[in-house]
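The task is simple: from the sequences and hints, build the whole structure.
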Amino acid sequence: MILRMKFNMLKRFVYLVALLAAPLLSSAAEGTGALFSKGNDLYAKGQYKESLAAYQQLIDQGYQSAAVYFNMGNASFKNDDIASAVLYYEKAHKLAPGDDDINYNLKYVNLKTTDKIEEVPEFFLSRRWHGFILSFSTGTLAVWSIIFVLLGSAILALYFFAGSVIVKRASFYGMILFFFFGVFTVFVANRQLSYFEDHPEAVVFSPSVNVKSGPVDNANTLFVIHDGTKVNVLDNSNGWTKISLANGNEGWIKQGDFKEI
Amino acid sequence: MIVAGKAFGQQPKFTASVDKNTMATGEEFVVTFTINTNGEQFNPPDFRGFEVEGNSSQSSESIGSTTSVSISYQVQLLAVKEGDFTIGSASIIANGHRLITSPIKIKVIKGRAVPQNTQPQSSAPDNGIQHASATDLSKLLFIKAIVDKTNVYLGQQINVTYRLYTRVNIEQNQAASTPELNGFWSEDIKQQGGQVPMHIEVYKGTRYEVADLKKTILFPERSGDLTVDPLAMTFIISVPVQSSDPLAQFFQDTKQEKYEAKSTPVTIHVKPLPDAGKPASFTGAVGSFNMESSIDKTELKANDALNYKVKVTGSGNIKLLKTLSTNFPADFEKYDPKTTDTVTENENGVSGSRFYNYLLIPRHQGEFNIDPLNFSYFNPATNRYVIVTAKGFHIKVDKGPNESNVTAFSDAEKQDIKMLSKDIRYIKTTDNNLAKNGDTFFGSIGYWLLLLVGPALCYGAYVYRNKLIEQNSDLVKVKSRKAGKIAAKHLTNAQAQLSAGNVSEFYENVFTGLYGYLSDKLNIQYADLNKETIESSLKDKKVSGSLISRLLETLDLCEMARYAPVKHISQQEVFEKAKGIINDIENEI
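Taken in sequence, the protein lines are chains A and B. Under the working numbering, the residues of the first sequence are numbered 2 to 262, in order. Under the working numbering, the residues of the second sequence are numbered 548 to 1136, in order.
Some clues are possibly wrong.
Cut-off 30 Å, straight-line C-alpha distance, at most; resulting in silico cross-link-like pairs (DSSO-like, lysine-lysine) [what the hints assert, rightly or not]: (1) B:Lys969 to A:Lys50; (2) B:Lys885 to B:Lys946; (3) B:Lys969 to A:Lys117; (4) B:Lys885 to A:Lys46; (5) A:Lys39 to B:Lys969; (6) A:Lys79 to B:Lys869; (7) B:Lys825 to A:Lys46; (8) B:Lys969 to A:Lys260; (9) A:Lys95 to A:Lys46; (10) A:Lys79 to B:Lys1036; (11) B:Lys1036 to A:Lys260; (12) B:Lys1036 to B:Lys983; (13) B:Lys691 to A:Lys108.
Since the hints were derived computationally from the structure, they do not count as laboratory data. These numbers come from a predicted model, not from an experiment.
Structure representation (structure tokens):
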């Protein structure tokens, strides 16, 4: 009898999950899917500009996904627009940080940019940690956290009803483990979100940008960067933005010279 | 200073003559003044309308029956302007008489244009010639760099000739310094033999002895204004000592002088090759070319060698040709081509042919195609890029001896996969995550609700379990609650035995059914159960006496019936009785 009841609970629960998750996980309206495959077809034919326009239409309608940005990056690259390619790949990277294809193309396209910037080596623990929290998208982490919590709950229920001591003990530790995983995945997803929020980045679009020592026109030019270079956005002040490069250099550039990721 | 001779009974005669009366502009002619005796105070006429190229004097003496002396003075003139001219009279004093020549009419027709010499020496030839030699050696001896064009495309060939102009006697010269020619790739034209041939050339209206010191073909290697470096050469020359008397040149005194002649630098404007229409296969060939390809066999065995030959012929920077953009099957082993040049350099530029011999070794059997080879060049004459294509080949490779049936595994047969090129990865063709901006699953209300489902269900399970525990905490209650059901089960068994006709089993079942029921109901251990305990505990539970006696009676009956047949009551009645008792007890407790 207990078993049957459990089974019923599980069934009801599955329905509930399906009900809640359906609108979130299913793909958007059919028109968008058609636009996406239209862009893909044009890309396959080598009409990169037209394909880019099709993807852009999707974005203009308010949709976004890592795949769309990735394909836009590819089309821009084939159009020899390196700066746009970097921007779109970075956007795609933000939505799906662990995607192999995106990271590969981003690395490849960064070889083609003008500026060669030596990154300041990060402390190895913090580098590992960032690599870890960026290895899955928040969507994936969210699904996993739900699965972990549900499994933990199921095992806890087993603990409540278990007769034998061995099952009780095993289910207790299993419950703790799964709940820990669940909380941990939520934490990682949260860290990932705040990592991107705390590190706003931008891509330089002007062919040559003088980086000034202050947010005024007559400030000294500290160095010059070129299109396609990724910068960290630190501060804004009436039309000027304080940026820093991966090598640690900081300065001010005008807001029209870059696009935020 | 004047050559003297004696004339006996001879009329002094002074004449002027020209070698031709009609000529085209640019042609030279000689005016000769001759006197058959000694003369002095020679006064040449005005050579207006002509340029004086040079002069010389001659004297001859014939001694026979009569001794005669003849002195002639020759002036070389260049016709510059067309029209009719008259060379006026010259005068000389001989034997105390003043002699004059008759004027000579000259007709000049249009010929090649002659640059007017603005130097004053043409208007004052009598002393100008003499002075020029003394004042300005650079007019008498100089080197000129002559280029055939100054406005060229990158890689287009230019002929440069370093030409020596001289009007003086060169005693000795030192080897020319080789100009560095930065920015050019140069190719010297070899002169026939070691000798530098001399010839006469008129430059700016003046006759020079001319020699081509060096001829070079230049290929500009970068665009912009490039300078053709000067060529310098040191000469030791003999210069005539200044003299005012024209006839004195017969006894010309000379002195030696060292002089360095240097050509003036020439600037070449090099245009970059146009970007418009530049073919992908273009590697910098400029000129006019042709190409053909050949192959020594189209069918061969694997691991045999194949020779693929390409011949590029034409004129232009043929020695600067880079390797061809060949496209062999990737599975062919290919070696760098052996190139053979057959190139001639002459005044028309560099031309010839270059052979590329590619050695190819197919390693595996199959059908392969060698794609048609494209070669493109820029033709500066038409300002266009031209693509020439050599034909492609189909190669059939049969199984070679080494490739056959290798059964043993060996590392040597394995090949590394070669990376031929790098490219970005292809676009994603499916997209399951298209969502409205900001609609991320993580952090949405639905997400948190789903996350709470697990703990909520757990709580439900916890509450439910507690309720169960509470219900099951009183074991006696549970047992007594279940007693009726267990008794019913035994009675059902009994009924089955009854219909089967097993009498003793029937009674046993009824008996255990009742006993078990009472044991559970009254919470008495089965072993402790007997009539006394049953009676007392039923009484405790306030069960009516008649019911108790009915129960005890039935129990007795069952006990008895197990060992001896019972006649006064039917089995069916016993069964109904037992059922009734259980029902009554259930009702009363």
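Okay, the hints, checked on the actual structure:
1. B:Lys969 to A:Lys50: Given pair Lys969 of chain B, Lys50 of chain A holds - Cα atoms ~22 Å apart, limit 30 Å.
2. B:Lys885 to B:Lys946: holds, 28 Å
3. B:Lys969 to A:Lys117: holds, 20 Å
4. B:Lys885 to A:Lys46: violated, 40 Å
5. A:Lys39 to B:Lys969: The hint holds at about 26 Å.
6. A:Lys79 to B:Lys869: holds, 28 Å
7. B:Lys825 to A:Lys46: Cα-Cα ~23 Å, so holds.
8. B:Lys969 to A:Lys260: Answer holds: Lys969 of chain B to Lys260 of chain A is near 28 Å, not above 30 Å.
9. A:Lys95 to A:Lys46: holds, 28 Å
10. A:Lys79 to B:Lys1036: violated, 83 Å
11. B:Lys1036 to A:Lys260: violated, 83 Å
12. B:Lys1036 to B:Lys983: Given that 30 Å is the threshold and the Cα spacing comes to 65 Å, the pair is violated.
13. B:Lys691 to A:Lys108: violated, 59 Å
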